[in-house]
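*Asks:* Read off the chains here:
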Amino acid sequence: MSDWLGPDEWQAVALSLKVAGWATLLSLPLAIFVSHALARWQFPGKQVVNGLVHLPLILPPVVTGYLLLLVFGMKGPGGRLLDALGLGIAFQWTGAALAAAIMGFPLMVRAIRLSIEAVDQRLEDAAATLGAPRPLVFATVTLPLALPGILTGAVLGFAKAMGEFGATITFVSNIPGQTQTLPSAIYSFLQVPGGETAAVRLVIVSIIIAMAALILSEVFARRLSNGMEGA
Amino acid sequence: MTPPALSVHLHQALSGFTLDVDFDAPAGLTVLFGASGSGKTSVIDAVAGLGRAATGRVALGDRVLMDSAQGLYLPPHKRRLGYIFQDARLFPHMSVERNLDYARRITRAPSDRPAFDRVVEMLGIGPLLARRPSRLSGGEKQRVAIGRALLARPRLILADEPLAALDDARKAEILPYFERLRDESDVPILYVTHAATEVARLATTVVALDAGRVIRQGTAAEVLGDPSFTPGGDRAMGAVIEAVVKTHHDDGLTELDAGGVPLLLPHIDQSPGDRLRLRIAAQDVILSKTRPEGMSALNILPGTIADIHYGNGPRAVVSLDSPAGRVLARLTKRSVHALDLRAGVKVFAVVKSVAVAPGDVGGPAR
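Protein chains in written order, with the numbering used here: chain C, 17 to 247; chain X, 33 to 398.
Keep in mind the hints are simulated off the structure, nothing from the lab.
Since the structure is predicted, the reported quantities are computational estimates derived from the model, not experimental observations.
Cβ coordinates follow ideal geometry from the N, Cα and C atoms, glycine included.
Be aware that a few hints might be false.
What the hints assert, rightly or not - Negatives, chain X to chain C, calculated, CB over 10 Å:
1) LEU104
2) HIS226
3) ASP282
Unchecked claim - Going by beta-carbon spacing under 10 Å, a handful of chain X positions derived as facing chain C:
4) ALA80
5) ARG112
6) PRO124
7) ALA181
Kindly produce the complete structure, drawing on both the sequences and the hints.
*Replies:* Next comes the structure, spelled out in structure tokens:
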């Protein structure tokens, strides 16, 4: 396999996995929190939060990328703050991860919110009468029952992060080894004469990764629901 | 004077009517009795701290659970309850054993294996421990739900129509467990139902609700023996009397003594001297002005008519005081006129069938 893919191609695949992995891992807890808030709590400004979360889904990705550039770029307020902390993300793989996380966030929240809404609140009430304070009700009843949906959300977010192109290339550009993810690499190969074969190889890798993620999540989801049916 | 086991004073505007409930319940099992929509579940949920906050005060002994005047609303998890829901509400992602153990784990209480084993044995759920709730029958689920509530070591047991979702056979399977709870534990029980049969078997005290108000409160015999009170329709009416087992006869009948009147019933599995609670449905009673002879019915109670209650239909309900207690008879108005029945007239009540409720009668003597 290492012979089959050139070093540049390997680099792009490895970078994409790293970017998508971190983007998913770090945004998942926040997505669960926001989903729970949207599903269960009443608070002022709920519609605004809901709209903000969904914005990346409906905006052109280039616009999201440009907004990220304005805020987190070298001259943006967020960028300067992170720079001062030694965490500069502009034109870094971490910036690619941020763009991927933001683009995948609405997909995660949609799936997770639905699964939390589907959890029977009467079970949460029962847990409360048995002595569980709210955070423990969430941890012992809501979260485990919503787990299949959380898994689906994570897979969707991961897939979106793997495939994210527009916001990433606008925000952190297309620097091999730094910010050149799988889609950017495919795009680059297609721009040069004779690059098609490399592009096709990366396309095949993309398909394999996407299918593997989907099948894994199906297997997990089935095991979870089997557990609930009780063997 | 010791405070009542449970005191409830609630005021809450609900959709359609206003809940305005005031009652004190002694120890034992208190039934909140009323038709659906009478506010029973709102009361029990307010006691549990679930649902919208009502105004008023709820106290368990000297422990205040809620007092709107002080802005005090103890959250449900601090109320030390054992709530048995109509729909069991077992956690589907946990085994029966983990469901039973949930309250202990969540409160980090030390493991008490003997208590766990005692509850499991009493409810006969030992063989179910490894199963998931989805693999249980309705009756099994409800038994596990009872066990889960008991193992929370509650100060108050709440039960919201725990039998309503079950068929008659399953009801008969679960009822005795509530009788044992009532008789063997010191924890007061608040039990919601619309079924008069459950009231007759279980209630130490009855609090009858209608349209959000308490319309009657008393012992089961007092409330069910009141002909003007028919939340289940007069078909479901029936008085409750107490009797003592006297002897078992060779022909399979058991003789009881109800205030000096002998009653013969098909064999009852109780020892002589045991006290029983009997329910006599109003529609199973025939009245006669002379002592009937040459009849197949074995049980005849002499009595004096206390009151005749005329409903809207062709029926009337006659209540009579017998040595055994208050008995109700459901007759046609035509018969009432033909026999010239009125208050003070002496009659004989011919009882076609008697339902037995095993177990102690509870009662105010506790």
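*Asks:* Work down the list of hints and note, for each, if the structure agrees.
*Replies:* Now the hints, each set against the structure:
| no. | hint | in the structure |
| --- | --- | --- |
| 1 | LEU104 | holds, 17 Å |
| 2 | HIS226 | holds, 20 Å |
| 3 | ASP282 | holds, 51 Å |
| 4 | ALA80 | holds, 6 Å |
| 5 | ARG112 | holds, 8 Å |
| 6 | PRO124 | holds, 5 Å |
| 7 | ALA181 | holds, 8 Å |
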